[in-house]
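Peer 1: We have chain A; now place chain W onto it with these hints.
2 protein chains.
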Amino acid sequence: MRWIRFSKGDHIAYGSINGDTVTEVAGAPWADATPTGKTYNMSDVKIEIPVIPPTFYCAGINYATHIREMAHKRGVEPVYPSKADIGYRANNALVADGEDVVIPAHAPPKMNYEGELVVVIGKKAKHLTEANAFDCVFGYTIGNDVSERTWQRGDRTFWRGKNTDTFKPMGPWIDTDVDLDAMETVIRVNGKEDLRFKTNDMIFGIAHYLAEVTKYITLYPGDVMWMGTDGTSPDLVHGDVVEVELTGLGVLTNRFVKATA
Amino acid sequence: MRWIRFSKGDHIAYGSINGDTVTEVAGAPWADATPTGKTYNMSDVKIEIPVIPPTFYCAGINYATHIREMAHKRGVEPVYPSKADIGYRANNALVADGEDVVIPAHAPPKMNYEGELVVVIGKKAKHLTEANAFDCVFGYTIGNDVSERTWQRGDRTFWRGKNTDTFKPMGPWIDTDVDLDAMETVIRVNGKEDLRFKTNDMIFGIAHYLAEVTKYITLYPGDVMWMGTDGTSPDLVHGDVVEVELTGLGVLTNRFVKATA
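Residue numbers (the working numbering), protein chains in the order written: chain A, 1 to 261; chain W, 1001 to 1261.
Keep in mind the hints are simulated off the structure, nothing from the lab.
Where hints are given, some of them may not hold.
Short, incomplete list of chain W residues facing chain A, as computed with Cβ under 10 Å [to be verified]:
hint, residue
1, Ser1082
2, Asp1085
3, Arg1089
4, Arg1160
5, Asn1163
6, Asp1165
7, Phe1197
8, Tyr1220
9, Val1257
Taking lysine-lysine pairs in the DSSO-like style, the calculated list, with each CA pair at most 30 Å apart, reads [said to hold, decoys possible]:
hint, chain 1, residue 1, chain 2, residue 2
10, A, Lys123, A, Lys8
11, A, Lys258, W, Lys1123
12, A, Lys123, W, Lys1258
This one's a predicted model, so the numbers in the text were calculated from it and none came from an experiment.
The beta-carbon is built from N, C-alpha and C at its ideal position, and this holds for glycine as well.
If we strip away everything but chain A, and leave its shape as in the complex, we get (with noise of 0.2 Å):
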């Protein structure tokens, strides 16, 4: 099933999606959602950030393809992760499929992409294994973690480098049935595929996370965790159009677009 969080107006609601049609519901749909008996065509709707996380779980580095391609360019040894080690995204960043990334006026001009499923939380859950850790997994939706390279090495922490104003687009819906091994990310600019690799072939796969996360800390309903990318991305510049498709579950597409002042 496929929902969608939009927006008719001023009126923001969840809705699930039956070919062109969003039929409304009140509440979330992990919590008591209950229909309204509205529909709308998916035209007449604007698409928003599918969830506003409690808590903005990011896997960070997590495919070994990454690791070694990224050292490659800054002429360091890779280093793989010995754990998995979870950091943190900020909600200002977010901004919905089809909104611009903005690239600040004074941004250095290393803006890269990194495409990656994004694990959305349906239960609150503590002391997972990894045998009953899907439990918590409402569905899934699609990040894209925009990163700007100079900032995110200079700074002490990732604040510019990761989240900046419109640096996290997410979306474009949330699915609760996707085939997480036949999955693959495939990542367009401007039309032509820069990017394609197994999007579950990851160094810690869901069900680890989430069994070491919660060994310390509690998921709670609506939280998100976005699992990392693999590969590297060009530098990008004003115009671009970034299309991050996980095959099967859908595509989220952004304008980079480079502010004036």
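Peer 2: Only chain W this time, still in chain A's reference frame:
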């Protein structure tokens, strides 16, 4: 004015404090809070976390003595920050005044307190200047940035070291009128004063942080910015009670309890 977020049974609301009386409002005090006509005795309500922030900012290292003493403990040279980089903490870890900090059963023994001034944002803000930065501030509360130093240093991020469940006590209330320059941070362990410093004696002050961060980031109502700490903490053990007082504002009290499993 002092605002408390409180519960009475399953009911959670904000209220203003006058002596021993809480005057309830509907909505958040920085939005369109309207009196409900209900009042309570302070002793009849439970103090809740004063705000669940959309984004949870933390200045991290922002006092000279803390940097010097922590470096000395580790046998390394002190490194002072060259600019106001902001970091993040996670909502799962928040607990209220009077609630326990739970030391996980398998945690290393380097549990420390960090008493901090917390800035609560009341208005959406971007591109602030140091001159107008305080316009977005609703008020102030107290935070204890509880840290397990082994995890803090050994993990790739602060996820376990600073964001394990219950590691972020915040409260007890939000005060809109404080005298920052007169304020002292006083920390007591089991009733005995352990540390005292001038709260506003920061490397980078509040106005500077707000101006720097909002060059890139939009702040939203309810966001919090923890301003860092001075000095160092002893290693805390099961049963220790830590009080963080900000003079003129209040006292945040939490007991440390070792989990049995």
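Peer 1: Does each hint hold? Answer for all of them.
Peer 2: Consistency of the hints with the structure:
no. : hint                 : verdict
1   : Ser1082              : holds, 9 Å
2   : Asp1085              : holds, 4 Å
3   : Arg1089              : holds, 8 Å
4   : Arg1160              : holds, 5 Å
5   : Asn1163              : holds, 7 Å
6   : Asp1165              : holds, 5 Å
7   : Phe1197              : violated, 22 Å
8   : Tyr1220              : holds, 7 Å
9   : Val1257              : violated, 16 Å
10  : A/Lys123 x A/Lys8    : holds, 28 Å
11  : A/Lys258 x W/Lys1123 : holds, 26 Å
12  : A/Lys123 x W/Lys1258 : holds, 26 Å
Hint compliance for this structure: hints 7 and 9 are not met, and every other hint is.
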